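In terms of mature numbering (1 follows the signal peptide of the UniProt record, and there is no 0), the sequence shown is residues -32 to -1, 1 to 602.
Quick caveat, the hints were computed from the structure, so don't treat them as lab data.
All the given hints hold, so there is nothing to weed out.
Derived SDA-like pairs: lysine to any residue, alpha-carbon spacing no greater than 20 Å straight-line: (1) Lys456 with Glu350; (2) Lys534 with Asn403; (3) Lys365 with Tyr384; (4) Lys353 with Gly368; (5) Lys529 with Ser518; (6) Lys331 with Asp372; (7) Lys365 with Thr333; (8) Lys568 with Glu423; (9) Lys109 with Leu33; (10) Lys534 with Asp553; (11) Lys95 with Lys456; (12) Lys564 with Asp480; (13) Lys95 with Asp375; (14) Lys343 with Asn31; (15) Lys456 with Gln470; (16) Lys357 with Gly458; (17) Lys503 with Leu47; (18) Lys357 with Ala455; (19) Lys357 with Pro427; (20) Lys564 with Thr519; (21) Lys308 with Thr377; (22) Lys456 with Gly134; (23) Lys331 with Ile309; (24) Lys109 with Leu131; (25) Lys109 with Asp132; (26) Lys456 with Glu476; (27) Lys357 with Cys459; (28) Lys401 with Lys503; (29) Lys503 with Thr406; (30) Lys581 with Asn416; (31) Lys308 with Val337; (32) Lys581 with Pro547; (33) Lys343 with Arg305; (34) Lys343 with Gly327; (35) Lys109 with Val135; (36) Lys534 with Met552; (37) Lys401 with Ser545; (38) Lys109 with Asn123; (39) Lys401 with Arg446; (40) Lys109 with Tyr94.
Just so we're clear, the structure is a prediction, and the values are computed from it rather than from any experiment.
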Amino acid sequence: MYSSIRHCSSLLFLLFFFFFFFFFFFFHYSAAQAPDADGYTCSANQTANPCQAYVFYRASPPNFLDLAAIADLFWVSRLEISRPSNISDSNATFPLLPGQPLFIPITCSCHSVNASVSISYANLSYKINAGDNFWLVSTSKFQNLTTFQSVEIANPTLIPTNLDIGVNVVFPIFCKCPNPTQLQNRINFMVSYVIQPADTMSSIASRFGVQASEIRAANWPNPQPFETIFIPVSHLPNLTQPIVLPPSPEQAPAPVREVKNRAVTGLAIALGIVGFLLILAVGLWVVGVGKRRKNEREMEERFEKQRVQDVGIWKGKRKEMEVDLMADVSDCLDKYRVFKIEELNEATDGFSESSLIQGSVYKGTIGGVDFAIKKMKWNAYEQLKILQKVNHGNLVKLEGFCVDPEDATCYLIYEYVENGSLYSWLHESQKQKLNWRTRLRIAIDVANGLLYIHEHTRPQVVHKDIKSSNILLDANMRAKIANFGLAKSGCNAITMHIVGTQGYIAPEYIADGVVSTKMDIFSFGVVLLELISGKEAIDNEGDVLWMRASTEFLDGKEKDKLESLKSWIDEALFEQSCPMESLMDAMNVAVSCLQKDPTKRPSMVEVVYALSKTDEAVFDFSDDNLSAPPLTAR
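All chains should be built: construct the whole structure from the sequences, respecting the hints.
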């Protein structure tokens, strides 16, 4: 009898302790371990800052089942997504499957929020549409790669409950840069990954080809579903397309143990007390869940009310927007032709895929003349303001514009440049490879175009997105600079709205948001490297071309530079006879443009002069010298 009582008392104590521990753990421990919703703290001097990073993103219906839409969301090109995601170029235009995994490159930096706190994230600009709000865009379009609290911090001047349609909002995408120890261990990238409910640490590690212990060491204890964690990798794994995630296994019910007859009375008392404690714990849990759900319903009702109001405002103001836009561009009416939307629809067969050139640019024929028609997602007034004051043979000419009266969408109509982009000639399959003389003339053309907008416009114009895909070649293989969508009139300004293309962006712009003509000169240096080497600005492994060039050529001896140059030259140039001195001179110009200190970079006047002297040297290398032996192959 006494033995049974002691047995029941011990059992009662253990059960009471178990439920107390369960209650404390459930309501306190998980919350204490969760990271701050505002973001992930960092220290700029303890990491590689800024750095190349990636996010793991899943294609999702209805709006993000094609690479073009996802590329626009993250401000990158389709190729920058398709190549690390193991999608062939031929399939890059095909629709994606729901849930199809993608690797998307971002530039990660440590940003100071206040005097004592710095947060690690990548700045992405997003234009608010009807029905959008911070929470909806963060959770749906960016798939919890950020939080609405962090968006509020990054946009202190905006009121979350009163957002105007078309306003630019910075969405800070959570990321991290490798620290010195990780870099020594050959950790080249940190991949931002949002945990899904079915994930385990082992399954995530298996997906990325790393150890679960490596992921735990790079993150905080016990990350929860829908939180962003960071996967340290030396190289990106090959994604199998598509991936179907298996359902999570169901938990088996716990076995029930029979109770001996002699302990029935004691256990009944113990279970009664335990039942009371269980009811109390469940009651408290229900109250807590009820409060949370009430708050969520109130937030959803507030967002829905705002969405309905926004839609009403949008419908009511659509015609007003068209009128306002036409008033904005009224000073351009005498300089540019105003096309009708019916003309553009007919010219592009309703903006069909067969008319698509690249991105949102279509080819159309109007009155027997070919045009390049760019469909804009925002008000084109700022771009028109810049384009109307520039006129140069090495800039793509704007012929006119159009405003669709149905939705106030803007279209810019440019001259059609026959031979496409420099990027396609250098990096995609072509029947004919460019010779060195042509490449050098292209470089001089681009330099002359930049010289014009830097020195002969008032205020100065900064292009902000010089890259090989924005350089077009006409029928005579002469270069024209295109796409002034990111251009800024005026320089030496500071901005938190960091935009551009990975591999071409100047370091001071990423780190401090400094806008100046020197950032165009840096990007030009990268393009010149592409012309010399035939390599892309960022390769499939994520290695940045300009970093390697700066390391090998900036401080080396002339003899060592000459040997290094032989390993840089495009293989196609080895089949031609061209002077090594000219290639070396061009490389020296490129490296000088890539100085990390912008004050040490040359002006475009100096660049044009240096390349022109190099061009004269190639010209002097006349037909009489074409029998000279070619460059020694690598």
